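*Asks:* Sequence:
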Amino acid sequence: MPTETLLERSHRRAQAAQAAAVATPRSSSPLHDATAGSSPNPFAPPSQLSNPLANRTNLRAIGDRLLKKVKLDVEMEAEFLKYIEVPSAEERNVMQFLHTLQVESLLNQSIQTRISEWKATPTLLKTIRKYIWAMLLLPSVQYYAGTNENTIIEAMRTSNVPNLPRIDSIECAGLVKDVAREYSVQRSIFKKRVSDSLPTEKEPDKKVDIATLTAGLVGHSEHVNATLGLWHHVAFVRLHCTRGHTNTEFWTKVDDELASLRKDGPQQLVIGLQIAYEDDIAKYNEPATSKHKTGAGVGTGSPQWLKTLNQLATRVQRFSRRQGTKRKRPASFDSDVDEADAADRRDGDDQDPTTDNGGEPEDSEGNGAEEEHGNTQGVEGDLD
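Residue numbers for the sequence shown follow full-length UniProt numbering, beginning at 1 and rising by one.
Take the hints with a grain of salt, since some may be wrong.
[As the list claims (entries may be wrong)] Mimicking SDA-like on lysine to any residue, the simulated pairs with C-alpha atoms at most 25 Å apart in a straight line are: (1) 192 <-> 96; (2) 206 <-> 262; (3) 177 <-> 203; (4) 71 <-> 100; (5) 192 <-> 263; (6) 283 <-> 159; (7) 291 <-> 304; (8) 263 <-> 278; (9) 253 <-> 291; (10) 253 <-> 293; (11) 71 <-> 20; (12) 283 <-> 177; (13) 283 <-> 263; (14) 293 <-> 244; (15) 293 <-> 219; (16) 192 <-> 107; (17) 253 <-> 240; (18) 307 <-> 281; (19) 206 <-> 263; (20) 307 <-> 286; (21) 291 <-> 216; (22) 192 <-> 239; (23) 307 <-> 240; (24) 119 <-> 96; (25) 82 <-> 107; (26) 192 <-> 267; (27) 192 <-> 159; (28) 206 <-> 223; (29) 119 <-> 100; (30) 206 <-> 193; (31) 192 <-> 228; (32) 202 <-> 104; (33) 253 <-> 296; (34) 202 <-> 89; (35) 206 <-> 216; (36) 307 <-> 296; (37) 291 <-> 159; (38) 202 <-> 241; (39) 82 <-> 119; (40) 71 <-> 92.
If you are wondering where the hints come from, they were derived from the structure by calculation, not from laboratory data.
Given the structure is predicted, the values throughout are model-derived calculations rather than measurements.
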């Protein structure tokens with residue numbers, strides 16, 4: 001009789017089992033007899049054969065060995081032993097993730113503490129204001145509510161201003177915050193000076209020509225002269241002061257129109273600013289009637305820090321609508337009425353022009369509102 005192969009035998013057994021299943025009615029009784037014994041199934045998954053108690057014993061032994069190599073304080077050692085005694089691997093994973101989040105939270109708190117503890121010195125604050133006012137008065141500045149604070153910091157670093165935190169340090173965030181806050185305050189003073197030149201109900205016939213208005217503004221920066229380009233920009237800002245913008249949206253509206261004028265090239269911007277200047281003359285008198293005249297722009301006779309700032313001001317970028325105009329700004333931020341009121345209370349400090357002194361101006365004190373910015377696209381040059 002020929003010997004059957006294993007494959008043939010398995011087929012025959014399967015057919016017999018199938019025939020028996022068809023012939024035997026189904027039962028709700030258990031598949032295995034209760035008396036079949038409790039011997040383990042050799043093909044069962046490892047989890048069915050594992051011994052949780054043995055696993056915990058192994059973890060404890062491993063933990064004890066590790067504790068001899070890694071020294072923990074009593075509290076941490078207790079936490080570690082508590083962790084390895086947990087029988088469920090899923091629960092241990094959850095505990096591990098929770099501890100990771102706790103460490104991250106503690107690290108963030110430490111970083112924020114270091115940032116909040118860093119404060120600019122009075123000398124550095126005076127230097128910051130000097131750079132801010134110079135930027136506000138430079139016709140080369142591209143926008144007024146963009147990455148201005150970053151540009152100011154870059155100019156200060158390029159000019160080797162002392163007492164700045166290292167560029168790779170956590171305290172740099174504190175520097176950005178201080179510069180942004182101070183920029184917000186000084187920009188509000190700038191806007192208030194321009195707005196105060198407009199006619200009011202008490203003075204409906206008030207007319208302040210652009211030369212006189214600009215002369216009062218350049219008093220904040222002894223190294224920046226009134227130029228025709230600056231007259232154009234101040235006239236443009238004064239035009240927006242008549243449009244009824246809210247305090248929150250004012251500088252965004254100014255930048256929006258500057259961006260629109262630049263879309264068709266720098267010549268279109270020049271024409272737009274020229275029109276604003278001509279309208280200003282028609283409303284508030286000819287600047288030629290004023291005793292204040294234009295001076296030289298930034299050039300060979302200017303201090304090096306101002307030439308650096310003038311060059312970098314052309315790179316100021318604005319915000320996109322997707323990014324928004326704010327980075328962690330409080331809802332009340334950039335309320336120029338509130339900031340200007342605060343600015344008036346500190347006029348005794350701000351009216352005095354800052355000095356160069358080789359990058360180390362005299363001591364001054366100050367504080368301000370809060371502001372932080374984002375950025376988007378580059379732009380072309382501006383009027384000189």
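*Asks:* Would you mind marking each hint as holding or not holding in the structure?
*Replies:* Hints, one by one, checked against the model:
no. : hint        : in the structure
1   : 192 <-> 96  : violated, 56 Å
2   : 206 <-> 262 : violated, 33 Å
3   : 177 <-> 203 : violated, 39 Å
4   : 71 <-> 100  : holds, 20 Å
5   : 192 <-> 263 : violated, 29 Å
6   : 283 <-> 159 : violated, 41 Å
7   : 291 <-> 304 : violated, 29 Å
8   : 263 <-> 278 : holds, 22 Å
9   : 253 <-> 291 : violated, 32 Å
10  : 253 <-> 293 : violated, 30 Å
11  : 71 <-> 20   : violated, 67 Å
12  : 283 <-> 177 : violated, 39 Å
13  : 283 <-> 263 : violated, 28 Å
14  : 293 <-> 244 : violated, 30 Å
15  : 293 <-> 219 : holds, 14 Å
16  : 192 <-> 107 : violated, 42 Å
17  : 253 <-> 240 : holds, 8 Å
18  : 307 <-> 281 : violated, 30 Å
19  : 206 <-> 263 : violated, 35 Å
20  : 307 <-> 286 : violated, 30 Å
21  : 291 <-> 216 : holds, 12 Å
22  : 192 <-> 239 : holds, 13 Å
23  : 307 <-> 240 : violated, 29 Å
24  : 119 <-> 96  : violated, 37 Å
25  : 82 <-> 107  : holds, 24 Å
26  : 192 <-> 267 : violated, 29 Å
27  : 192 <-> 159 : violated, 30 Å
28  : 206 <-> 223 : violated, 30 Å
29  : 119 <-> 100 : violated, 31 Å
30  : 206 <-> 193 : holds, 14 Å
31  : 192 <-> 228 : holds, 21 Å
32  : 202 <-> 104 : violated, 59 Å
33  : 253 <-> 296 : violated, 30 Å
34  : 202 <-> 89  : violated, 78 Å
35  : 206 <-> 216 : holds, 16 Å
36  : 307 <-> 296 : holds, 13 Å
37  : 291 <-> 159 : violated, 35 Å
38  : 202 <-> 241 : holds, 18 Å
39  : 82 <-> 119  : violated, 43 Å
40  : 71 <-> 92   : holds, 21 Å
The structure fails hints 1, 2, 3, 5, 6, 7, 9, 10, 11, 12, 13, 14, 16, 18, 19, 20, 23, 24, 26, 27, 28, 29, 32, 33, 34, 37, 39 (numbered hints given earlier, in ascending order).
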